[in-house]
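Number of protein chains: 2
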Amino acid sequence: MTRGELPMALRAAYMVLHRKSEAQFARLGVTTDQFVLLATLARGQALNQRELARRMPSDPSTVRAMLVLLERSGLVQRDTHPTDGRARAVSLTPAGKRKFKQLWKAGDPIRAQMVESLTPGEAHALVGLLRKVADSLNSQSLPRGGNVHALSKG
Amino acid sequence: MTRGELPMALRAAYMVLHRKSEAQFARLGVTTDQFVLLATLARGQALNQRELARRMPSDPSTVRAMLVLLERSGLVQRDTHPTDGRARAVSLTPAGKRKFKQLWKAGDPIRAQMVESLTPGEAHALVGLLRKVADSLNSQSLPRGGNVHALSKG
DNA sequence: TATGAATAGTGCGTATACGCACGACATTTC
DNA sequence: GAAATGTCGTGCGTATACGCACTATTCATA
Numbered sequence: 524m525t526r527g528e529l530p531m532a533l534r535a536a537y538m539v540l541h542r543k544s545e546a547q548f549a550r551l552g553v554t555t556d557q558f559v560l561l562a563t564l565a566r567g568q569a570l571n572q573r574e575l576a577r578r579m580p581s582d583p584s585t586v587r588a589m590l591v592l593l594e595r596s597g598l599v600q601r602d603t604h605p606t607d608g609r610a611r612a613v614s615l616t617p618a619g620k621r622k623f624k625q626l627w628k629a630g631d632p633i634r635a636q637m638v639e640s641l642t643p644g645e646a647h648a649l650v651g652l653l654r655k656v657a658d659s660l661n662s663q664s665l666p667r668g669g670n671v672h673a674l675s676k677g
Numbered sequence: 524m525t526r527g528e529l530p531m532a533l534r535a536a537y538m539v540l541h542r543k544s545e546a547q548f549a550r551l552g553v554t555t556d557q558f559v560l561l562a563t564l565a566r567g568q569a570l571n572q573r574e575l576a577r578r579m580p581s582d583p584s585t586v587r588a589m590l591v592l593l594e595r596s597g598l599v600q601r602d603t604h605p606t607d608g609r610a611r612a613v614s615l616t617p618a619g620k621r622k623f624k625q626l627w628k629a630g631d632p633i634r635a636q637m638v639e640s641l642t643p644g645e646a647h648a649l650v651g652l653l654r655k656v657a658d659s660l661n662s663q664s665l666p667r668g669g670n671v672h673a674l675s676k677g
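Protein chains in written order, with this note's numbering: chain A, 524 to 677; chain B, 524 to 677.
A portion of the hints provided could be inaccurate.
As the list makes no split between identical chains, a pair holds if one copy fits it or if it spans any two.
As the list claims (entries may be wrong) - Each computed DMTMM-like pair below joins lysine to aspartate or glutamate, with the alpha-carbon atoms no more than 20 Å apart:
no., residue 1, residue 2
1, K624, E528
2, K655, E639
3, K620, D556
4, K655, D631
5, K628, E639
6, K655, E528
7, K628, E528
8, K624, E545
9, K655, E645
10, K620, D602
11, K628, E594
12, K655, D556
13, K620, E645
14, K624, E574
15, K620, E639
16, K628, E645
17, K624, D556
18, K655, E594
None of these hints come from the bench; they were simulated from the model.
Could you build all of it, start to finish, from the sequences and the hints given here?
Here it is in structure tokens:
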């Protein structure tokens, strides 16, 4: 197997998922990434923006831009943090919770199709392998230049 | 396993890959997606813009914006298509070919790390599973609303 | 061959994605 | 308790990502 296949396969799979999700959620007036943000908040309310970004995962700058829009549409609120004057405590509004339930239903066909294209064992394995790869990339600081093999083979 | 884990794991893995790649390629003056475009062109020269978009995969509008930038930096050229007056034949310039080789080397640590975090069997399986999921999402037109299970269980 | 349908590319608008610099507040250290 | 250091959020700039409307060209067919 060629080395470059794995990154490209990962990219291709994500892109299709993203496109299909976008089409599914558009009717409900939110984007795929806004759904991810709402889902993350639904799991853990009153996060600050950095923690929210870490969990999505996304960038704090990006999350801020998203929150501005979501706040404007009334799905999310940002209160001043009780103990940390720098931070803001983000949480779903009641409307946000309702919208999230609606979105979860709307996304079900996509989740179902992904899972049903695989055996239960394959689905489980795929999640495990994706996490393994993600963890590996997350942990290691990559060399800035050149070729790591030139070193390890020397 | 929860249903939502697979999409989130896929998203998380792609995001890390994208971020790490961005950091690696930035020194060389191109983005990760520009690298993908150049790699796609390196495999099949003189594609028109739609075919290029189909292979990346990406959106024709996005590809156009990228080509404008890449053309400006001299890595890519767009000639009028020999037989189709609507289309443009996109190809790498000599500078584009050189840059691509350089980028391929720069990306090697990332590809290496992804592959080496898995056994050869796992890596092979992962690529297969990703393609299976991607193909499944690509082929089926999803229902516009509601829950596909409400139908299949009825 | 005229004409309608399909296709390639363009241009625009909105929403991520992320780096970077900045001010505000916290925490540490002396 | 004041200064150094770190962290949170903001604001800005550039580059995707994609839908949509529009023009130009090609293809199908009457």
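Consistency of the hints with the structure:
1. For a Cα distance limit of 20 Å, the shortest separation of K624 from E528 across copies, 17 Å, qualifies, whereas the shortest one inside one copy, 37 Å, does not.
2. Only between protomers do K655 and E639 lie at most 20 Å apart by alpha-carbon distance; the minimum there is 11 Å, versus 22 Å within a single protomer.
3. Only within a single protomer do K620 and D556 lie at most 20 Å apart by alpha-carbon distance; the minimum there is 16 Å, versus 35 Å between protomers.
4. When the C-alpha separation of K655 and D631 is checked against a cutoff of 20 Å, the pair qualifies only between copies, where the shortest distance is 19 Å, while the shortest distance within a copy is 25 Å.
5. In the homo-oligomer, the alpha carbons of K628 and E639 lie at most 20 Å apart inside one protomer (17 Å), although the nearest pairing across protomers, at 38 Å, exceeds that limit.
6. Proximity of K655 to E528 under the C-alpha cut-off of 20 Å is found in both arrangements, the shortest distances being 17 Å within a copy and 14 Å between copies.
7. Within a single copy, K628 and E528 get their C-alpha atoms only as close as 33 Å, which misses the 20 Å cut-off; across copies the closest is 15 Å, which meets it.
8. Taking the shortest alpha-carbon separations for K624 and E545, only the intra-copy value of 17 Å comes in at or below 20 Å, while the best inter-copy value is 35 Å.
9. With identical chains, the CA atoms of K655 and E645 are at most 20 Å apart both within one copy (15 Å) and between copies (10 Å).
10. Taking the shortest Cα distances, K620 and D602 sit within 20 Å of each other inside one copy (17 Å), while across copies they are farther apart (52 Å).
11. In this assembly of identical chains, K628 and E594 lie within 20 Å of each other by CA distance neither inside one copy nor across copies; the values are 22 Å within and 44 Å between.
12. Proximity of K655 and D556 under a CA criterion of 20 Å is satisfied in neither setting, with 23 Å inside one chain copy and 23 Å between copies.
13. Taking the shortest alpha-carbon separations for K620 and E645, neither the intra-copy value of 32 Å nor the inter-copy value of 39 Å comes in at or below 20 Å.
14. Proximity of K624 and E574 under a CA criterion of 20 Å is satisfied in neither setting, with 23 Å inside one chain copy and 38 Å between copies.
15. Proximity of K620 and E639 under a CA criterion of 20 Å is satisfied in neither setting, with 28 Å inside one chain copy and 41 Å between copies.
16. With identical chains, the CA atoms of K628 and E645 are never at most 20 Å apart, being 24 Å at best within one copy and 33 Å at best between copies.
17. Taking the shortest alpha-carbon separations for K624 and D556, only the intra-copy value of 15 Å comes in at or below 20 Å, while the best inter-copy value is 34 Å.
18. In this assembly of identical chains, the alpha carbons of K655 and E594 never lie at most 20 Å apart, being 35 Å within a copy and 38 Å across copies at closest.
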